[in-house]
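Heads up: the sequence lines are chains A and B, in that order.
To convert, note that position 275 of the first sequence is 275 in my numbering; the numbers rise steadily by one, no gaps.
Here my numbering runs 361 ahead of the position in the second sequence, where the first position is 1.
Think of the hints as simulated: they come from the structure by calculation, not from any bench.
Treat the numbers as computed from the prediction; the structure is a model and nothing was measured.
The beta carbon of each residue, even a glycine, is placed where N, CA and C say it ideally should be.
Each statement offered as a hint is correct.
For lysine-lysine, the following DSS-like pairs were computed, each having C-alpha atoms within a straight-line distance of at most 30 Å:
| id | chain 1 | residue 1 | chain 2 | residue 2 |
| --- | --- | --- | --- | --- |
| 1 | A | K277 | B | K400 |
| 2 | A | K277 | A | K296 |
| 3 | B | K400 | A | K296 |
Restraint-style ranges between C-beta atoms, simulated for each label pair:
| id | chain 1 | residue 1 | chain 2 | residue 2 | range |
| --- | --- | --- | --- | --- | --- |
| 4 | B | V385 | A | N42 | 30 to 38 Å |
| 5 | A | L131 | B | R376 | 36 to 44 Å |
| 6 | A | N42 | B | R376 | 38 to 46 Å |
| 7 | A | Q292 | B | V385 | 17 to 25 Å |
| 8 | B | S378 | A | L20 | 20 to 28 Å |
| 9 | A | L69 | B | V385 | 28 to 36 Å |
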Amino acid sequence: MADAVVIPQVQPMQPALRFLRIVPGVLLLAAIGYSGKLLEQNVGAYAKAHHWVFPNIEYVLWAIVLGLLISNTIGVPEIFRSGVATYEFWLKAGIVLLGSRFLLGDILKLGGVSLLLVAIEITGAIAFMTLLGRLFKLKPKLTTLLAVGSAVCGVSAIIATKGAIDADDEDSSFSIAAILALGAFALFTFPLIGHYLHLGDRAYGIWAGLAVDNTAEATAAGALYSDAAGKLAVLVKSTRNAMIGFVVLAYAIYWASQGQAKAVGNKAAFLWQKFPKFVLGFLLISVLATYQFFNKEQVGALANLSRWAFLLTFAGVGLRTNFRDMRKQGLRPFAVGAIGEVVIAIFTLGLVVGAEKLFGF
Amino acid sequence: MSTQENTAQVKRPWRLSLDSWAVVVALLAALLIRAGVFKHIPW
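Only chain A is shown next, with the shape it has when bound in the complex (with noise of 0.2 Å):
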C-alpha cells in the first residue's frame, strides 16, 4: 500500500474578514500621510508668522519620518500590520494612475533613452556585485540576490528571484534587509546631493529611478526632488521593473545548469509571471490620456487620485523600516551592499550626466 500523505486542511480566510484586518492599518497610512500633508501647509505657515528660518518640508517627508518615528519608538501593533502591508498596493494603483500625466511621445522618447541608461546600469550592476560578492567570499546565491535587488527593483526582484533559484530564507532576509536599508539612507541623501550638484529635475529623476533600488523609495526620493523629478524617477524605475523576468529567467536558467534550481519549463509563461503587470496599466492609462479618452479636468483628477495613493505609500515607506531589525541581519551583506550602492550610484550619475550631454534630454 502507498503511503498515505496527510495535507492539513487550512481553511481559507473569507474575504470579508480579509478585508476587515486591513481596515486598521490603512486607516493608519492615510492618518500618518494626512498629517504629513497637515504639517507641510501648517509648519511653513507657522514658521513664516513667527519670522523663523526654516525649510519648506514637504508632506512626501513629514510622512516618512512620522512613520519612521513610529516604527522605531513603539513599533507598529499587530492589529495594524497587515495593512500597512498594503502601501506596496497603493504605489502601484498610483503609478497606474500617474500614467495619465505622460504623453506616449514623451514615454517613447524618455523611454527609449531611459532603456538604454537602463541596460547598462542591469548590466554593469549585476557584474559588479557578483565580482564584490566573491572578494566578500558571500554564499553564492547570496550574491545572486543582492545583485538582482541592487540592479533591478529591490524587494520584488529578491522575492522572485528566490523562488526561481530556490535561495534559503535567511540569505533572502538579508538581502531584503541591506536593501531596504540602503534605500532608506538613499532616500535622504539623494536630494541632498542632487541640490549640490545642481542637477536639474530630469537629470536628477533619471538618476533616482536608474539608482534607487525599491520602487516606493526610488517614487519618494524623485518626490522630494521635484514634481517633475518626481514624475521621472517612476518612469525610469519602471523601466527597470520591466526588466525583471529577463534577469530572473537568465539566473533560473543559471542554477539550474548548476543542478542547484528547478529546471524552467515554459519561458515566455515565465516571463509573464515574471512581468511587472502596473507597468501595462501606466502605459494603457498613457495611451487614453494620449488620445484624449479624459478631458483637462479628468486628468486633474486621476493625477490627484494618484498623489493620494502615493501618500499612503509614503507613510508605509516610513512604517515598515525598522533600524533595529536590520542591525540583526549582520555586516557583511550589508557592506556589500552599501558598496555596491555607492559605486552604482556614481556609475549612473556619470552616465546620465554624459546622457544629458549626448541627448540633451
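Keeping the supplied structure of chain A fixed, place chain B upon it in accordance with the hints.
Just chain B, lined up with the frame of chain A:
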C-alpha cells in the same frame, strides 16, 4: 512507490496578484472619473 511520488499536488485557487489588483482598481477608478461619478478629486 515512494512517498515523494505520492505527494499530492495541491492546486492553489486562481487568484489575482497584488500587481494585477492594483491595475484593476486604478483602471476602475479612472473609468469612474471618466464617467463623471467623481467629478473633482481635491488635493
